[in-house]
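Be aware that the sequence shown starts at 1, since it is given in our numbering, and climbs by one per residue.
By construction, these hints were calculated from the structure, which means they are not laboratory data. Since this is a predicted model, take the numbers as computed values, not measurements. There's no promise every hint is true.
Stated by the list, open to error - In silico SDA-like links for lysine to any residue, alpha-carbon gap of 25 Å or less:
| id | residue 1 | residue 2 |
| --- | --- | --- |
| 1 | 30 | 17 |
| 2 | 30 | 43 |
| 3 | 30 | 20 |
| 4 | 30 | 19 |
| 5 | 30 | 15 |
| 6 | 30 | 18 |
| 7 | 30 | 14 |
| 8 | 30 | 44 |
| 9 | 30 | 42 |
| 10 | 30 | 40 |
| 11 | 30 | 7 |
| 12 | 30 | 41 |
| 13 | 30 | 45 |
What the hints assert, rightly or not - FRET-style restraints, in silico, Cβ to Cβ:
| id | residue 1 | residue 2 | range |
| --- | --- | --- | --- |
| 14 | 81 | 44 | 28 to 34 Å |
| 15 | 29 | 78 | 47 to 53 Å |
| 16 | 7 | 34 | 54 to 60 Å |
| 17 | 30 | 64 | 30 to 36 Å |
For every residue, glycine included, the Cβ atom is placed at its ideal position computed from N, Cα and C.
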Amino acid sequence: MRDNSGIIIAILLLLVVVLSGVVAYTFFVKPAVSGYIVNAQNQGIQFTLSSILLQIQQRGYVEIPVSENQTLILVPYNPNQQSQPQEINNSS
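Using the sequences and the hints, build the whole thing.
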């Protein structure tokens, strides 16, 4: 029987390298990529909100297309502003 200890050592070293790569990816690479993605998403949300607020300040409203035939219109709301009561005309 031949001495296969060299092959076994090479296989074990390869297994250690592969497992070390998996651990490094799990604890270092993946969180860094996820952090970058979350940061980019947050910047996109901030840009969108800033754009909406700027349009409301400039035009007084903003139109956001929701689907092909629907549009969402946003206007400023002032809770301190009293609305005028409407008169009901009962002509019986």
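Structure-based check of all given hints:
{"no.": "1", "hint": "30 with 17", "result": "holds, 18 Å"}
{"no.": "2", "hint": "30 with 43", "result": "holds, 20 Å"}
{"no.": "3", "hint": "30 with 20", "result": "holds, 14 Å"}
{"no.": "4", "hint": "30 with 19", "result": "holds, 15 Å"}
{"no.": "5", "hint": "30 with 15", "result": "holds, 21 Å"}
{"no.": "6", "hint": "30 with 18", "result": "holds, 16 Å"}
{"no.": "7", "hint": "30 with 14", "result": "holds, 22 Å"}
{"no.": "8", "hint": "30 with 44", "result": "holds, 21 Å"}
{"no.": "9", "hint": "30 with 42", "result": "holds, 18 Å"}
{"no.": "10", "hint": "30 with 40", "result": "holds, 15 Å"}
{"no.": "11", "hint": "30 with 7", "result": "violated, 33 Å"}
{"no.": "12", "hint": "30 with 41", "result": "holds, 17 Å"}
{"no.": "13", "hint": "30 with 45", "result": "holds, 23 Å"}
{"no.": "14", "hint": "81 with 44: 28 to 34 Å", "result": "holds, 33 Å"}
{"no.": "15", "hint": "29 with 78: 47 to 53 Å", "result": "holds, 50 Å"}
{"no.": "16", "hint": "7 with 34: 54 to 60 Å", "result": "violated, 39 Å"}
{"no.": "17", "hint": "30 with 64: 30 to 36 Å", "result": "holds, 35 Å"}
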